[in-house]
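Student: Here's the letter readout for the chains.
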Amino acid sequence: MSHWIILPVVLPAFLAPFMVLAARHHIDIQRAISVAGGVAMVVLAAGLAWRTSDDTVILYQLGDWAAPFGIVLLGDRLSTLMVLLTAILSLLVLLYAIGSRWDARGRHFHALWQFQIMGIMGAFLTGDVFNLFVFFEVLLIASYGLMIHSGGTVRLRAGTQYVLYNLLGSTLFLFALGALYAETGTLNMADLAERVRLIPTDANVGIRVAAVLLLMVFAIKAALVPLHFWLPSSYAEAPAPVAALFGIMTKVGAYAIIRIYTMVFPPGLEATEGLHGWWLLPAALVSVALGMIGVLAARRLDRLVAFAVIGSMGMVMVAIALWTEAGIAAALYYIVHSTFASAALFLICDLVRAGRSDLDLTAQPPVAGAAMTAALFFVAAIAMVGLPPLSGFLGKLLILDAAFGTEAVVWVWAVILVTSLVSLVGFARAGTEVFWKARAIPPEETAFAPARPPVLSYVAVGGLLALLVAHTIFAGPVTAYTSAISAQLFAPDRYLSTVLETPGKLSDADPDEEAH
Amino acid sequence: MEFLVASAIGVLTAAGLYLVLRLRTFPVIMGTSLLTYAVNVFLFASGRLATGAPPILTDAERYTDPLPQALVLTAIVISFGMTAVVVMIALGAYLGADDDHVDDAPAGEDAR
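Protein chains in written order, with this note's numbering: chain A, 1 to 516; chain B, 517 to 628.
No wet-lab data here; the hints were simulated from the structure. All of these numbers come straight from a predicted model, not from anything done at the bench.
Some residues of chain B that are not near chain A, with every Cβ distance over 10 Å (derived):
| no. | residue |
| --- | --- |
| 1 | 523 |
| 2 | 534 |
| 3 | 566 |
| 4 | 571 |
| 5 | 577 |
| 6 | 580 |
One side of the interface only, derived from the structure: several residues of chain A facing chain B at Cβ under 8 Å:
| no. | residue |
| --- | --- |
| 7 | 170 |
| 8 | 178 |
| 9 | 181 |
In silico negatives: residues of chain A with every beta carbon more than 10 Å from chain B:
| no. | residue |
| --- | --- |
| 10 | 3 |
| 11 | 63 |
| 12 | 203 |
| 13 | 372 |
| 14 | 417 |
| 15 | 441 |
| 16 | 490 |
We put the CB at the ideal spot given by N, CA and C, even for glycine.
The task is simple: from the sequences and hints, build the whole structure.
Tutor: In structure tokens:
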């Protein structure tokens with residue numbers, strides 16, 4: 001049994017307390033440790049992704065206890081892709097936080113950051129639903145701290161809403177887990193998948209309730225309309241690097257939906273028939289529409305980006321809700337794209353904010369470095385709206401292509417094409433107001449002269465945009481890989497047999513048990 | 517006993533939901549606490565109810581399922597910590613703004 005797969009969880013779990021205990025007063029040491037941890041994590045995640053790329057499923061039994069009794073960690077193509085995505089995003093955004101000195105505006109930024117990474121990595125790697133809940137809580141607790149980092153009344157108020165909403169989500173998660181356990185007597189994902197299949201159709205009320213509750217929990221995480229209310233305020237008010245990292249947290253919800261609803265409750269399952277088709281696709285289409293209308297209606301740049309995040313999550317959910325191999329493959333391509341695009345946009349908001357008194361969509365005099373920021377915004381907006389030549393366009397094309405031939409094709413095409421136009425107008429208006437009209441206003445003669453943002457900030461944003469360009473150029477290999485992930489998801493037998501048939505303590509094949 | 521436990525969970529949940537829909541932070545926090553109590557009892561009941569039976573596998577015929585009890589312990593610890601965190605953040609927001617509503621401040625007042 002290889003121990004590498006638990007390192008993405010254990011490494012930040014050791015780094016964070018070390019920083020709190022040993023380097024509390026030395027921000028430079030914290031930065032060095034944090035960046036070193038980030039680089040190590042990228043290497044580690046790349047290694048894991050490489051190992052699972054040939055259809056291997058890595059199983060890690062904690063304490064060597066066999067599967068339904070002990071907790072397992074699992075790495076397949078999907079989870080290692082998400083781990084790699086998180087590691088890369090985290091490193092780049094961390095560079096921005098250091099460059100812009102956001103990390104020094106409050107205490108324990110880096111420790112909380114590592115705990116946040118630990119929770120996200122654990123949520124992607126675990127093979128147990130209750131463990132998923134625990135890792136959700138780890139990432140949420142860390143995110144509460146990060147969300148109100150550096151304080152301020154408006155931020156605390158948004159933080160209260162964010163915490164309360166997520167507290168309700170956690171309670172709902174526990175209700176779902178209780179119902180699931182009462183119906184099946186297990187919480188291991190693979191074991192659940194086997195047992196749910198055995199439930200007769202005339203006794204499926206309980207399991208249907210559990211499936212819907214669980215879907216609602218993940219929909220809250222994925223900010224699916226009508227459960228999206230927590231997102232705009234908290235993302236807009238959170239410190240920019242934190243908002244950029246939060247981009248991956250909505251994807252945790254999408255990941256959990258993909259994982260649970262292809263394996264435990266697959267689309268063809270009799271016990272939960274009708275659940276997938278009826279609710280998810282309409283909700284996803286409304287999310288896309290509402291997000292893009294929000295982009296058009298927003299009066300501040302940070303709110304605009306927050307609504308763009310809702311819209312792009314809706315786009316991901318539309319692709320997932322098709323429940324076909326092509327749909328999931330398109331969703332995964334779009335997940336990678338939208339994570340980098342939204343992170344870049346939040347960081348650009350912060351670059352704009354550095355030179356202005358507020359983020360209102362009004363023209364203000366130009367400041368030093370504005371041309372560079374405007375260019376970055378231009379590229380990121382093109383990616384987010386989904387114009388050629390960047391990956392947003394390819395992602396939408398893949399989703400439209402996946403919808404072609406299904407019953408919902410008219411709705412999907414109509415909503416995606418019209419909302420793309422709406423968001424294009426929204427972003428164009430914002431860019432015009434904030435960047436273009438600035439030249440028309442004479443600079444004020446004041447003592448307040450904002451400094452040019454540091455180079456490291458540009459490196460981080462440029463890195464994110466470069467990744468988007470790479471995501472476009474290498475779209476062929478990437479889509480081939482996401483198709484392979486999707487094929488693996490729709491043939492879960494390997495996953496199930498790896499979990500349930502690997503021997504460990506307490507397994508039936510274990511001779512020690514006979515001796516008792 | 518099933519009726520007693522089920523109605524207790526129901527009443528706690530109903531009261532919690534009502535309080536969660538209030539406008540000010542203190543009732544909302546009370547509501548989330550009630551909801552977490554309800555879910556703790558619910559989790560406990562998900563392993564089936566049995567009186568006076570040991571929570572371990574023995575040679576005896578009857579035993580209660582120990583796993584939900586472990587889950588409840590985890591859930592209690594987490595919800596307790598979360599409630600403490602939300603109380604602190606809500607206090608900070610209240611002391612800063614002199615206003616303990618949970619919704620966004622009306623437009624025009626949120627200038628930073």
